[in-house]
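Student: Sequence:
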Amino acid sequence: MNRGPAQNRQTRFTALFASLGSMSSTSDRIFKLLRSLVGALLAPGKTTEPKGSPPKTRPSGSRPGPVSTGLSTPYPGDFSGTSTVVYSPKPDGAADPGEIVWTWVPYEEDHSQGKDRPVLIVGRSGKRLLALMLTSKDHSTDHRGDNDYVDIGTGPWDRQGRPSEVKLDRILQVSPADMRREGAILDAKRFGFVAKGLRSRHGWK
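Quick note on numbering: the UniProt record's numbering labels position 99 of the sequence shown as 99, and the sequence is numbered without any gaps.
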């Protein structure tokens with residue numbers, strides 16, 4: 001049976017639309033696949049270590065927190081020997097003997113680590129200042145008869161108003177550049193008690 005021109009055109013249009021519909025369906029699938037891949041690449045996720053890489057661990061024996069010395073120059077070690085007690089405080093922004101200042105104090109067992117503490121400047125050695133560390137305690141044990149400590153009471157160097165003691169058993173060498181801030185001037189009377197302790201324990205002049 002022969003079809004007329006109108007029927008042939010209708011058949012061709014039907015086939016064309018079917019072909020276009022198939023192509024559109026395929027394009028949609030490809031577009032959805034690409035969108036899924038892009039979304040997976042851009043989505044935040046956990047960072048994974050390459051297989052076989054060793055786990056990250058903290059070095060054995062290290063303390064938590066920074067290990068930087070916090071000093072402008074390497075710490076030369078605690079002062080040993082004798083010196084002269086000096087009392088010459090000046091409220092000029094610089095650290096002077098007779099003043100309590102804050103500076104970085106290295107741990108006695110490891111000079112590469114330490115923390116900021118208040119110290120009392122008691123003398124000089126070359127370009128460095130000689131200082132004694134302050135400690136605060138509840139005074140449940142009285143050290144007044146112990147030649148390692150001298151009680152100096154309270155002062156503006158401790159914002160909590162706690163009584164302080166000066167430790168005589170360790171003499172620090174402090175660079176003026178490493179002073180963090182001035183705490184207070186220790187009055188001459190209390191400084192005299194510290195000077196007496198230094199002369200008795202270390203033979204200072």
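Incorrect hints may have been included.
[As the list claims (entries may be wrong)] PhoX-like cross-link-like pairs, simulated, lysine-lysine; straight-line CA separation at most 20 Å:
1) K127 with K137
2) K137 with K167
3) K90 with K137
4) K189 with K127
5) K167 with K189
6) K115 with K137
7) K90 with K189
8) K90 with K115
9) K189 with K115
If you are wondering where the hints come from, they were derived from the structure by calculation, not from laboratory data.
Student: Holds or violated: K115 with K137, Cα cutoff 20 Å?
Tutor: Given pair K115, K137 holds - Cα atoms ~18 Å apart, limit 20 Å.
Student: Does the alpha-carbon distance linking K90 and K137 stay inside the 20 Å limit?
Tutor: violated (28 Å)
Student: Has the given pair, K127 with K137, been kept, meaning a C-alpha gap of at most 20 Å?
Tutor: Since the Cα atoms of K127 and K137 sit roughly 32 Å apart, the hinted pair is violated (cutoff 20 Å).
Student: Regarding the pair K189 and K127, is the alpha-carbon distance no greater than 20 Å?
Tutor: Not satisfied, since the Cα-Cα distance of roughly 27 Å exceeds 20 Å.
Student: Sort out whether K189 lies within 20 Å of K90, counting only the CA atoms.
Tutor: This hinted pair holds, its Cα atoms lying about 16 Å apart.
Student: Need the status of pair K167, K189: alpha-carbon distance at most 20 Å?
Tutor: holds (17 Å)
Student: Compare the distance between the alpha carbons of K90 and K115 with 20 Å, and conclude whether the hinted pair is satisfied.
Tutor: Between K90 and K115 the Cα gap is close to 26 Å, so the pair fails against 20 Å, i.e. violated.
Student: Given the hint that K189 pairs with K115, does the C-alpha gap stay at or below 20 Å?
Tutor: Distance of about 29 Å is beyond 20 Å: violated.
Student: Does K137 pair with K167 here, judged by a C-alpha cut-off of 20 Å?
Tutor: holds (12 Å)
Violation of the numbered hints given earlier is confined to hints 1, 3, 4, 8, 9; the remaining hints are satisfied by the structure.
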